[in-house]
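*Asks:* Letter by letter, the chains look like this.
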Amino acid sequence: MTALAYRIDRSSRASRIGSSVLIGLGLILATVPQFFVATVVQQLTSLFIFVILAVMWNALAGYGGLVSVGQQAFIGFGAYGTVFLAQRDVPPYLAVLLAAGASAVLAAVLAPLVLRLRGGPFAVGTWVVAETLALLVVLDHSLGGGTGVSLRGLNVFRPDERRAYTYWLALAFLVLLLGAVFVLLRGRTGAGLQAIRDDQEAAASLGVRVWPLKAGLYVLAGFGGGAAGALILANTLFIEPRSIFGVQWTAYMLFMVLVGGIGTFEGPLLGALLFFGVQYLFADYDAWYLIGLGLTAGAFALFLPRGLWSLVPVRLLPVGYHLRRDGPGVF
Amino acid sequence: MTLLSLESVTARHGLLTAVPEMSLKIAEGETLALVGANGAGKSTLLRTIAGAHPAAGGRILLDGTDITARPAHERVALGLALVPEGRRLFPGMTVAENLAVAARRAREGPWSLTRVYDTFTVLAGLRDRRASELSGGQQQLTAIARALLTNPRLLLIDEVSLGLSPVAVDAVYETLTTLDSRPTLLLVEQDLSRALDVAGRVICLLEGRIALSAATGDVTREQVTEAYFGLRGRRAAT
Amino acid sequence: MTWVNAVLQGIFLGGLYALFACGLSLMFGVMRIINLAHGDLAVLGAFVVWWAATSLGAPPAPALIGALPLALALGYLLQVTVLTRSLRGGELTPLLTTFGLAIVIQNALLLIFSPDVRSLATVTGSLSTGSWQIGGLTVPYLGLLILIVATGVLGGLHLVLERTGFGREMRAAAQDPDTAALVGVPATAVYARATAIAVATATLAGTFLAVHSTIDPASGPTQLIFAFEAVVIGGLGSLRGTLIGGLVLGVAQTIGAQIDPQYSILAGHLVFLIVLLVRFSPGRLVPAA
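First to last, the sequence lines map onto chains B, R and P.
Per the working numbering, numbering of the first sequence is gapless, rising by one per residue and ending at 320.
Per the working numbering, numbering of the second sequence is gapless, rising by one per residue and ending at 251.
Per the working numbering, numbering of the third sequence is gapless, rising by one per residue and ending at 296.
Bound-form chain B, shown alone:
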């Protein structure tokens, strides 16, 4: 028998081009506020927020096998945390950063509690946590109670400045979080996470440290959710508990991730873009629009579980492993 000569590649030509294009795109996007009108800047900011949400939910569900129905806990916490800090004279953009950090801390505190559950119980358990936080916020009259609250302090900036700063902050968070997920997937953790998703018990018996990995993902997703919530507030300047803690966020994340491709790096990006377009076109139809979202997400889960990205033959980013045969192997 001849020894088989194989080589493992981390990147392919397509993925090298893909990463360069993405980096270039990021640099071009950074200049948008200089050249475009207010609506474009604001819309793109919302798109970035949706991408952050999709990427974070995918990190949890797609990589960690943790289907959460309660990430709105962190969205709401990030937003209300920003309000809380701004009320105490913290500069608003600093408050956004601090609130995102505080969301990560909250996630670290909650992780030992909710990660006791798995599968369905985990899903609803996280939802209970979100509902609990919403109720606590409603009880606090200094945060506007049930009627909502505005973010003060941003009026020191001119509106176009404010939009540009919020835009850049959203872009910076997006790049940071995409980078974090990318690093996570490329390292040893990527293989460990894959093993957990396939079979948690088997992974544990192979020495994968299941708990720290899952908790790490949960904290990362908490940070991302908090950042998204704080950015939503900075973008719209007003929030109320029923909507910022609402389960509709989970519906959106589910749609974006399932349609784009759960468990892939690129899928959530594609899904967020699609969702953004769908929302722009159909949001006025309200109930019918949501029925469409629900049916589409369900259909993808059943019939195309790896999403639209699975139909695209190229990998944009060097996250996987490619096995190549070097020499003439003989079977």
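The hints are simulated quantities; they were obtained by calculation from the structure and are not laboratory data.
Even glycine gets a Cβ: it sits at the ideal position worked out from N, Cα and C.
Treat the hints with caution; some may be incorrect.
[To be verified] Selected chain R positions facing chain P (Cβ under 8 Å, derived; list incomplete):
no., residue
1, A63
2, A65
3, P67
4, T81
5, A85
6, L95
7, F103
8, P104
9, E110
10, A113
11, V114
12, A115
13, R117
14, R159
Got chain B; can you put chains R and P on it based on the hints?
*Replies:* The following block gives chains R and P in isolation, referenced to the frame of chain B:
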């Protein structure tokens, strides 16, 4: 008369082919022992016949009826029963409950709960014991009784003696060999002497292929051992 | 005395939660899935009864009895068309599909029945408002009826699972579906029966909710959460536990409300979180004994 016939049946585990294009006939009333090393494809073959593992190709005929596409529970209704590897009793249920589940949808036939308790006298005393509390031998007897209760025409038993104490193995074989109205039997057995003792025909699998198929009276232990380890070359008996 | 009365009212309220939790618990016990559309299916059933009672003028009891076979059929169909397929997709797929289904049901109800709040209290007369006063304690007719029905349904179902061939097959399919198939049990059909029962009990619970207070197309998620809390407080996977879990949740809510009405639901959530903290060891699904 042929009861079961396999025509080029293939079974896979992912990309691995566990059983490649196996053809085999089992006559009504015979007792057939399937031997072979670990990974030879014995369990996969039994599970494929029973419908617990999908066939990737070929046809499975039970008494002339093509059952290849039938789900496992329908094959039971047609007279196939498998005692799976590891016994697989319902752990949270008592012995009586394990048996009752099988009796509920049983075919017409000689086996009833009363008859099972008469034959497997040990089980009568264990009726209300949880399956998870039984010894290995007791579990195996319960599993065989549970399969008999479906009144199979062909009974498949995977790893009859694996993990059992010698005394328990004796008890299980004692029961099997003295069984009245015994169905056609296909059993997987690691212990060659046992296999040759109890069966009328022995088939030795090597890497999913039949390396030897012969009446037990016509072969020596050594010949089976050679086939078992592939010492006679692979194509000898196919 | 007000506290004793609060506990008593909590037990009556808990009966309703236990009834909501019954189907959720059964489906989790048999298939290990949480049906995220459970609350919405309950509200859907309640709307059908409400529609029959108000538009067709049917008395509520016959309307409910007429709706139950429909609910059984809906559950069976739901299983064979959607859930069987999603069970094959792995542990997460049923969550994703039932969440999608929940959104569809809520918005379909919104389109058909408008966002208005509805109640069956108007057509049930003294049942929904009347009560006995016994030594300073209030025993509402409806609360007592719901508690009796909940105990009957959960207890009856428990007995069916333990004592009948039908129930044994369901337990066998729950413990090991592959082996169940090997002794002739069609796991798909058994699962469909479990979902049929779950949707029927959900309809029963939804209808009682509509008599007790109000329903609207967005009521489902809250009821799902309460049902889930009852199931977890009761220890996941036993109907007896679920009944107790429902009662504990009800009592927690009424005691919370006794302190301040705003604390009612919060108190329930806190009890749930405490149970999670105390009874579930990390990484385990079933509480430590």
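*Asks:* Starting from the hint list further up, note which numbers the structure goes against and sort them upward.
*Replies:* The structure breaks hints 3, 4; every other hint is satisfied.
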